[in-house]
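> Residue-level listing of the chains:
There are 4 protein chains.
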Amino acid sequence: MPIRFLITGGTFDKEYNEINGELYFKETHLPEILKRGRCRVDVSITTLMMIDSLEMTNNHRQLIADHCLDAVEEKIIITHGTDTMSDTARFLAPLIQHKTIVLTGAMIPYKFGSSDGLFNLGSALAFVQSLPKGVYVAMNGKFFNWDNVRKNRQTGQFEELV
Amino acid sequence: MPIRFLITGGTFDKEYNEINGELYFKETHLPEILKRGRCRVDVSITTLMMIDSLEMTNNHRQLIADHCLDAVEEKIIITHGTDTMSDTARFLAPLIQHKTIVLTGAMIPYKFGSSDGLFNLGSALAFVQSLPKGVYVAMNGKFFNWDNVRKNRQTGQFEELV
Amino acid sequence: MPIRFLITGGTFDKEYNEINGELYFKETHLPEILKRGRCRVDVSITTLMMIDSLEMTNNHRQLIADHCLDAVEEKIIITHGTDTMSDTARFLAPLIQHKTIVLTGAMIPYKFGSSDGLFNLGSALAFVQSLPKGVYVAMNGKFFNWDNVRKNRQTGQFEELV
Amino acid sequence: MPIRFLITGGTFDKEYNEINGELYFKETHLPEILKRGRCRVDVSITTLMMIDSLEMTNNHRQLIADHCLDAVEEKIIITHGTDTMSDTARFLAPLIQHKTIVLTGAMIPYKFGSSDGLFNLGSALAFVQSLPKGVYVAMNGKFFNWDNVRKNRQTGQFEELV
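Chains as they are written, first to last, in the working numbering: chain H, 1 to 162; chain F, 1 to 162; chain V, 1 to 162; chain R, 1 to 162.
Please keep in mind that the hints were generated in silico from the structure rather than gathered at the bench.
Note that beta-carbon positions come from the ideal geometry of N, C-alpha and C, so glycine has one too.
It is possible that some hints are incorrect.
[What the hints assert, rightly or not] Sample of chain R residues with no beta-carbon within 10 Å of chain V, all distances over it, derived:
| hint | residue |
| --- | --- |
| 1 | E15 |
| 2 | M49 |
| 3 | C68 |
| 4 | A124 |
| 5 | A126 |
| 6 | S130 |
| 7 | K133 |
| 8 | N140 |
| 9 | W146 |
| 10 | R150 |
[Claimed, not checked] Computed beta-carbon distance windows for the label pairs:
| hint | chain 1 | residue 1 | chain 2 | residue 2 | range |
| --- | --- | --- | --- | --- | --- |
| 11 | R | L95 | H | K35 | 44 to 50 Å |
| 12 | V | T46 | H | L161 | 24 to 30 Å |
| 13 | H | K35 | F | L54 | 22 to 28 Å |
| 14 | R | I19 | F | D87 | 27 to 33 Å |
[As the list claims (entries may be wrong)] Residues of chain R placed beyond 12 Å of chain V at every Cβ, according to the derived structure:
| hint | residue |
| --- | --- |
| 15 | I3 |
| 16 | E27 |
| 17 | L48 |
| 18 | E55 |
| 19 | L69 |
| 20 | S115 |
Please model the complete structure; the sequences and the hints are all you need to start from.
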C-alpha cells in the first residue's frame, strides 16, 4: 500500500532566516519527520511547490490535481498551508473520484520546537491508510470531509461548517 | 465520538532523573502531547499503571481488559511499553469484541527531543477513529492486527508474523 | 556577587504567533533559561522594554543607562537585539565607568529549538563575573570591547573593527 | 587565543539506545554544540575517553594531566562527568601551574531536549578566556576554585566547601 506525498509548502516547512529575521522555505522536512517517527510505510515524495498557501492560485491547484490523477498510488497526502487548505480540498474533490486524498499541515513550523507537524503527519498517514476514497482534511487530530470544513481564523482550529 | 485513553507507562512516559542518572516514571505526558498536537478530539484519560512493559503480568493485563470493557467509550487507545505490546494485544483480543482498541507507545521517551511519541500518538488517534472494531497495534506509521504482529528486538521495529 | 539583568527584547525573546504567522513579544524567557541552565547565581531581573533593536532610539538607550547607574549591582547583563547591540554599547560606555556591563542576545529565538540563546546567556553570565569594569558585547563565544565591535550583517557574526 | 577541548565523556555526551533502553556513549556532541552556539572561537578538540566519571581512575586522570601539559594551548576546557569532577580538579591542580583549566559537564545529556549542556559550555568557554591561570569547575553558572568545590549529591548542584 504505497503512499504518495505531494509537498506544497505551508507553515509546516517554513524556516527562520537568522540573517534577516524572516520566515522562508528551503526544502521540505518530510524525510526527517518520517525518520523521526520511525515510519516504515512505503512512501514516495514529490515537491510540487514551496509556497505560503495565501499565494496559492487555481493554477497551482490544477497542478496538484494533475499529479494526484497521474500518480500510480491510490493513497495521497498533500502537505499544505492551513489558510487555504479547505479551498484546495474543495477544488480537488470534483476532479478526483477514485483515490483517498488527505491534506494536512501545521500551525507551527516543524523546525520550531513546539510544532504540531509531527502529530499531524502521524494522523494524516493513518487516515490515508484507513479512510474510504474521498478528499479529506486532517488537522487537530480529526478528519474532515472536503465539503464540510473550514479554518477558524480566530482560533486557528479547523471545524465543521454545520 | 469520544475516545478513552488508558495509560500503562512504557518508554513513552519515561523521564531522566538527573540526580541518579536513571530513567523513571513521574506522570503521563499525554495531556501535554495532545495540547502540542492542537488536538480537538474529545478524550478522557485514565492512568492505570506506570510500568516498564517487561514487568507487565497477566494480572495487569486483566486490569486493562476490565477497564476496556467497563468504559462507556467504544474507541480506546492504550499507551504501552513496546517490548510486550503484542502480548497485551493478544491477551485483550479474545476478551473484547465490540470496541476498537489501539495500542501504541514510543521507542524514545517523549521528553527527549527526538521522540517518535508525538507521531505515534497522532497515528493511533487517527486509526482508532477510522478502523473497524478489533484490537490493533499502531507503530511505525502502520497498524497491525493483534494476531499478526511482533516487535523485532534487533531492529526495534514492528512487523507482521508472516 | 549579585547580577542584574535588564531585558530589552530582541530576537532572543521573540515568539511565533500561530494565528497570524508573525513574530512577536510576550514576556521574557530569561527565568526559564536560567532554570534550564541550573543557574545558582544570585540574579535580579528587570524588563525595561520588549522591542526589536532596529526600533531602539537614544531615548530607550538613556533609559537603559539610567537603570545601569541606579542599580545597586555592579555587574549587569543587558539582553538586546543583535542589530544595534554595538550602538547601545557605544552609547552606554561613556556614561558608566564603575560597573561591568555585558550585552548579549541571540540570532534565533529561544523558543525555536535551535537557538543560540542558552549558549550566549551562559557565556554572558561568566564574562560579567570575570571581566574587569567596562562595557562589553558577548556573542559567538567571545567578548568584545564596546569600542571595537560590529555585527557583520552578511554573516550574522560579531567581529572586531580592526 | 586558541582553546583546547579535552573530552572525557560524562552525562554531557550520553545518548539513549532505543533498542535496549540504556544510556551509552557514541561520539562527542561538542562540535554540534559549538555550531549551535554560533561559536567563532578558535578551538581544537581531542577525545581522550568516553566514560562515566564514576569509572574514572587516577590512571585516567594522569592521562588528562599529560594532555594538559603537552598541549600548546594555555587555555583548556575538560568535559567531564559531574560525579567526580571535583576529584579530577584536585588531581590536576598540583600538576599544572601555568594554564587556565576549566572542567564542565551536564546534569542532563545534550541530546535530551532539556539539557543544561549548552549553557554550561557557554559559561566554561567564557571563564577559560577571562580567568587567571588555575584549575576551576564551571557549573550552575558559577566558577569554583579546584580546592573549594564539591557536588552536592542530594541537590545535584555544585557548592563551595565552606
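> Tell me, in ascending order, the numbers of any earlier hints that this structure violates.
Of the numbered hints given earlier, those the structure breaks are 4, 5, 6, 8, 12, 14, 15 and 20, listed in rising order.
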